[in-house]
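Student: Top line first, the protein sequences correspond to chains S and F.
Take the first sequence: its letters are residues 1 to 268, numbered as in our numbering.
Take the second sequence: its letters are residues 1 to 258, numbered as in our numbering.
Heads up, a few of these hints could be off.
Here are the simulated EDC-like cross-link-like pairs (lysine to aspartate or glutamate), alpha carbons at most 20 Å apart as the crow flies [claimed, not checked]: (1) Lys103/S / Asp193/F; (2) Lys222/F / Glu179/F; (3) Lys109/S / Asp193/F; (4) Lys109/S / Glu206/F.
Pulled a few chain S residues facing chain F out of the computed Cβ check, cut under 10 Å [as the list claims (entries may be wrong)]: (5) Val26; (6) Ser34; (7) Glu71; (8) Pro72; (9) Tyr73; (10) Arg182; (11) Lys185; (12) Leu188; (13) Arg189; (14) Lys266.
I should point out that these hints are in silico values taken from the structure, not numbers from a laboratory.
Glycine included, each C-beta is placed from N, C-alpha and C at the ideal position.
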Amino acid sequence: MSTPDVLRPPRSALSRYRQALWLLTVRDLRVRYSTSALGYLWSILDPLVMAGIYWFVFTQVFGREGRIGEEPYIVFLLCALLPWMWFNGAVSDATRAYLREAKLIRSTKIPRTIWVARLVLSKGIEFVASIPVLAVFAIATGAVLHWQAVYFVLGILMQAVLTLGVGLIVAPLVVFFRDLERATKLALRFLFYASPIIYGITDLKPLGLDLIAAFNPLAGIFSLYRAAFFPAQLEWFAVGIGAAMSVLILGVGILVFKRTERAVLKEI
Amino acid sequence: MTVPGMLDEVIGEATPPVIRVQGAGIRFRRNRRSRRNFKDLFAGRNRRARSNEFWALRDITFDVQPGEAIGVVGRNGQGKSTLLKLVAEVILPDEGSVEVHAGVAPLIEITGGFVDDLTVRENVYLTAGLHGMSRAEITAQFDEIIDFAEIGDFIDTPYKHLSSGMKVRIAFSVISRLEEPVILVDEVLAVGDKAFREKCYRRIEELLAGGRTLFFVSHSEKDLRRFCTRGLYLDKGILVLDGPIGDVLDRYNTDYGI
Numbered sequence: 001m002s003t004p005d006v007l008r009p010p011r012s013a014l015s016r017y018r019q020a021l022w023l024l025t026v027r028d029l030r031v032r033y034s035t036s037a038l039g040y041l042w043s044i045l046d047p048l049v050m051a052g053i054y055w056f057v058f059t060q061v062f063g064r065e066g067r068i069g070e071e072p073y074i075v076f077l078l079c080a081l082l083p084w085m086w087f088n089g090a091v092s093d094a095t096r097a098y099l100r101e102a103k104l105i106r107s108t109k110i111p112r113t114i115w116v117a118r119l120v121l122s123k124g125i126e127f128v129a130s131i132p133v134l135a136v137f138a139i140a141t142g143a144v145l146h147w148q149a150v151y152f153v154l155g156i157l158m159q160a161v162l163t164l165g166v167g168l169i170v171a172p173l174v175v176f177f178r179d180l181e182r183a184t185k186l187a188l189r190f191l192f193y194a195s196p197i198i199y200g201i202t203d204l205k206p207l208g209l210d211l212i213a214a215f216n217p218l219a220g221i222f223s224l225y226r227a228a229f230f231p232a233q234l235e236w237f238a239v240g241i242g243a244a245m246s247v248l249i250l251g252v253g254i255l256v257f258k259r260t261e262r263a264v265l266k267e268i
Numbered sequence: 001m002t003v004p005g006m007l008d009e010v011i012g013e014a015t016p017p018v019i020r021v022q023g024a025g026i027r028f029r030r031n032r033r034s035r036r037n038f039k040d041l042f043a044g045r046n047r048r049a050r051s052n053e054f055w056a057l058r059d060i061t062f063d064v065q066p067g068e069a070i071g072v073v074g075r076n077g078q079g080k081s082t083l084l085k086l087v088a089e090v091i092l093p094d095e096g097s098v099e100v101h102a103g104v105a106p107l108i109e110i111t112g113g114f115v116d117d118l119t120v121r122e123n124v125y126l127t128a129g130l131h132g133m134s135r136a137e138i139t140a141q142f143d144e145i146i147d148f149a150e151i152g153d154f155i156d157t158p159y160k161h162l163s164s165g166m167k168v169r170i171a172f173s174v175i176s177r178l179e180e181p182v183i184l185v186d187e188v189l190a191v192g193d194k195a196f197r198e199k200c201y202r203r204i205e206e207l208l209a210g211g212r213t214l215f216f217v218s219h220s221e222k223d224l225r226r227f228c229t230r231g232l233y234l235d236k237g238i239l240v241l242d243g244p245i246g247d248v249l250d251r252y253n254t255d256y257g258i
């Protein structure tokens with residue numbers, strides 16, 4: 001009995017995971033750009049149109065006059081709308097994470113968390129790529145950038161943890177309960193208005209709802225992003241609760257994923 | 001009944017097994033539409049209600065030494081492909097354990113990783129990469145992969161524009177280049193023309209000569225005898241016989257005479 005003629009040097013599981021994650025992310029971006037002429041533009045056009053609509057409705061039609069949010073409102077809006085796009089995109093794609101890649105999942109033994117992680121990563125890259133749009137509007141409206149902009153990094157980290165956690169819960173359950181796909185879309189629409197996007201968490205204080213709102217991790221996360229231009233929006237208690245909630249959700253996500261992995265593999 | 005340890009005596013215990021399957025079993029639901037509830041999903045593996053389920057494989061135990069060539073024999077629906085998928089670790093057993101101590105090149109659903117909108121070149125890098133090859137390794141072997149698949153003129157063509165034969169050829173070519181010690185083959189070669197199939201077989205023989213471990217599922221007695229030295233005979237989800245391929249085929253033919 002001879003030994004194999006060529007043997008690959010053993011590589012760590014982590015480096016293989018990273019390689020596969022990167023390949024899949026690049027594949028997604030490549031497919032998007034090879035099949036649509038506008039490519040990058042599409043990923044920023046959506047939040048831009050939304051921001052335009054909200055800006056028009058709240059500043060022109062209703063005449064907001066400083067009652068909600070802060071000036072310049074368009075910058076205030078984009079600070080939360082762009083990261084919302086990341087969360088929204090990753091979670092709604094997570095509903096199809098296993099179903100869309102069924103063939104690949106059936107033929108490779110890459111750790112199965114990757115099918116969710118890659119969505120969080122590719123949507124996260126799109127988010128980072130859309131930050132220049134925010135910069136353009138900030139310069140155009142003369143918004144002042146404060147040192148609190150460093151909290152952006154913390155915001156991104158917390159949001160990645162949260163989004164991965166939600167994705168790990170949603171993705172396997174949709175395999176068994178197809179209705180959850182629609183339920184998720186509905187929940188996301190609700191969450192859009194329930195999170196401080198078109199308003200700030202400070203606007204909830206007079207209503208006495210700010211403590212309850214803080215249990216939505218997005219409230220703390222968006223307050224971190226907003227601190228870059230509006231330091232008054234930074235609410236550390238919301239960030240603290242949000243961080244704890246994000247970690248908790250990731251924990252639940254990992255548990256759900258582990259418990260359902262076997263059944264998911266049989267089902268797809 | 002199962003004959004565990006039969007080959008251990010022949011081969012001895014010098015080398016540790018590359019594949020070790022112990023008491024492995026897996027069950028599937030009979031009816032895809034059957035009701036599922038949350039409780040069912042999260043209940044422990046053994047406490048789950050199992051009225052509507054059947055065991056596709058049960059109590060399978062065998063070891064595979066490096067360099068062995070194993071043929072899996074059995075009628076349709078007796079668990080052959082399921083066993084292969086367990087060894088590929090793309091599904092997980094409900095009881096018992098499947099340990100694979102070396103990298104696996106699975107020739108199962110080989111076109112699975114290919115993306116329609118990307119070119120052949122991009123697809124080769126993607127699929128080989130997902131199976132664990134590094135960029136440099138792929139670049140070094142790229143020409144060989146393309147030559148083997150005989151699609152040199154289509155390197156920059158989107159995958160979706162290839163004929164179905166070409167798709168399988170390039171897929172086989174990529175997966176069979178993976179430098180993994182274990183190869184799993186699941187009747188993928190039934191497609192493609194005769195000349196290419198012969199080429200695939202020669203490639204498998206080459207790999208076997210290089211000391212790879214082969215796990216082969218086929219209905220073709222000729223192919224089984226050509227590649228394999230040892231056979232596993234599955235019937236109704238149970239490992240009925242584990243022995244030299246000739247004996248296993250004889251037993252199979254007696255049971256389901258031709």
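Student: Now, for every hint given, state plainly whether the structure supports it.
Tutor: Cross-check of the supplied hints:
1. Lys103/S / Asp193/F: Violated, because 24 Å separates the two Cα atoms, which is more than 20 Å.
2. Lys222/F / Glu179/F: Answer violated: lysine 222/F to glutamate 179/F is near 27 Å, above 20 Å.
3. Lys109/S / Asp193/F: Answer violated: lysine 109/S to aspartate 193/F is near 29 Å, above 20 Å.
4. Lys109/S / Glu206/F: violated (25 Å)
5. Val26: Because about 8 Å separates valine 26/S from the closest Cβ in chain F, which is inside the 10 Å limit, the hint holds.
6. Ser34: holds (6 Å)
7. Glu71: violated (44 Å)
8. Pro72: violated (40 Å)
9. Tyr73: Hint on tyrosine 73/S: violated, closest Cβ of chain F at ~40 Å, above 10 Å.
10. Arg182: Result: violated, 18 Å to nearest chain F Cβ.
11. Lys185: Violated, because the Cβ-Cβ distance from lysine 185/S to chain F comes to roughly 20 Å (cut-off 10 Å).
12. Leu188: Interface hint status for leucine 188/S: violated (21 Å vs cutoff 10 Å).
13. Arg189: With a closest approach of 24 Å, the arginine 189/S hint is violated.
14. Lys266: holds (6 Å)
The structure shown violates the earlier hints numbered 1, 2, 3, 4, 7, 8, 9, 10, 11, 12 and 13.
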